[in-house]
Each structure stands twice: as structure tokens, then as C-alpha cells.
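Novice: Sequence:
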Amino acid sequence: SSWYDRARDYWEKKDATVSGMLDGYDAVSAVDLEASLCFLDKVKTLPAYKGGSCRFNYALDCGAGIGRVTKGCLLHRFQQVDMVEPMERFCRSAPDFVSSERLKDIFQQPLQEFSPSKKYDCIWLQWCILYLTDADLIDLLKRCSAALTDGGVICVKENIGELGFEIDKQDNSIMRTDKHYKQLFRQAGMRLLLDMRQPNFPKSLFPVNMYCLRPLDANPAGQPENAETT
86 SSWYDRARDY WEKKDATVSG MLDGYDAVSA VDLEASLCFL DKVKTLPAYK
136 GGSCRFNYAL DCGAGIGRVT KGCLLHRFQQ VDMVEPMERF CRSAPDFVSS
186 ERLKDIFQQP LQEFSPSKKY DCIWLQWCIL YLTDADLIDL LKRCSAALTD
236 GGVICVKENI GELGFEIDKQ DNSIMRTDKH YKQLFRQAGM RLLLDMRQPN
286 FPKSLFPVNM YCLRPLDANP AGQPENAETT
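The numbering used here numbers the first residue of the sequence shown as 86 and each following residue consecutively.
Everything hinted at is true.
DSSO-like mimics (lysine-lysine), calculated; alpha carbons at most 30 Å apart, straight line: (1) Lys127 <-> Lys288; (2) Lys204 <-> Lys127; (3) Lys227 <-> Lys254.
Worth flagging that the hints you see were computed from the coordinates, not collected in a lab.
Starting from the given sequences, assemble the full structure and let the hints guide the process.
Specialist: Below, the structure written as C-alpha cells:
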């Protein structure tokens, strides 16, 4: 687990505020949340050959911090939300910050050790898998797949490197390319249904992509396995 110590030490020093969550870039929060809501609305209109929409009952927010995404996005689309977050301080701040009885369970656990129960229509992973090694990321995606309800989806929102694989020594975060992520999704047995670039971010920030994934074995009713290639 020593690989993860640096990220933990880095986040130890951050305030339990939106600014702390976004490393001082709190100005991008509204733009970020707006695009995420738009992305979920696209998920809602997924065509039948891709398995159609997920249900919008129960979501899980991974690496949730104080619940910025839960409060500003997920609770606007889902009836109930659970959060998982490694840092105790952020978990303690979340109920007051989110301030909704529709925020249910908050699990304080590192993602690389977390195994969600099977009840989620959507598992949202934003700005957290950049801390996971490839092997731990693949394992997490497999555990998340197993935790989805029928027709459930995994949504990933993450910084994208244009120049290949880079590690930030400050917090051991990993900058992966779009191609690298897509390869890891395949290795985890996921099918990419939808992807979208975050619009309107300042040029000084890394590009951010959103991906909607489903387990490959979740075959839509009556569809031949190779439906998307015909």
C-alpha cells in the first residue's frame, strides 16, 4: 500500500471545502457539474442496441470527498446516493455539506480495498482512479461491475494526458491517455457506450473525458453479441 501513502498525505493537508476538493480551482465546479448532468441525460437516451438507459434510483459516488458531485449532480438525477471516500475528515464533513436525507451510506475506505454491494444503477468515478495502479483499477472496475443492477452503468470522469503516461510525484497520480483508459476498460470486461470531452474548462487545466461503461456480459435482450458492429 506504500504506493498510496503519498496520495493520502497529499489529501491529509487539504481543507474539507469545495476549494480543497478542487485544489483551488473552485471556479470550475459549476462547469464541471453542468457537463456531468448533461452526460447523465445522454445516458438516459442510450439506444436499445446499447442496452438503453440505466435506472435512476441509486448511485454510488467514488472518491467522493465531501460530496461535491453527490450534491451538485447525482442527487439531481438519482433518488438516493451512497458515497465512498478514504479520508475520515471528508466523510465527517459530507452530511452537513450535502445536507440531504437522500444521501444514505458513507463508506470510509480506500477504493483499492472497497467492494460495493450489488444495488447501484450508476457508479460514478471522478478524479479518483488517477490514483490507482492499472492492476488495482482493473480490479475495482470488476468489483463495480458486479455491484450494478440490471442495466446499470459505470461512469468515469478523469483527466486525460495527451502525451502518454506520466506520474505526478506530488501525489502519485497517474496521467493516462484516452487510449490507455479504453484499453483498461476492455481488460476489465467493460464495453464503452458513450464518451464525451468536458467542454468549457480553462486552457490551463488538463483535458477531462467522461466515459459510460457497461459489463460486456450485460447483453441487451434480443440483441446478438456483435450488434454494434453490424
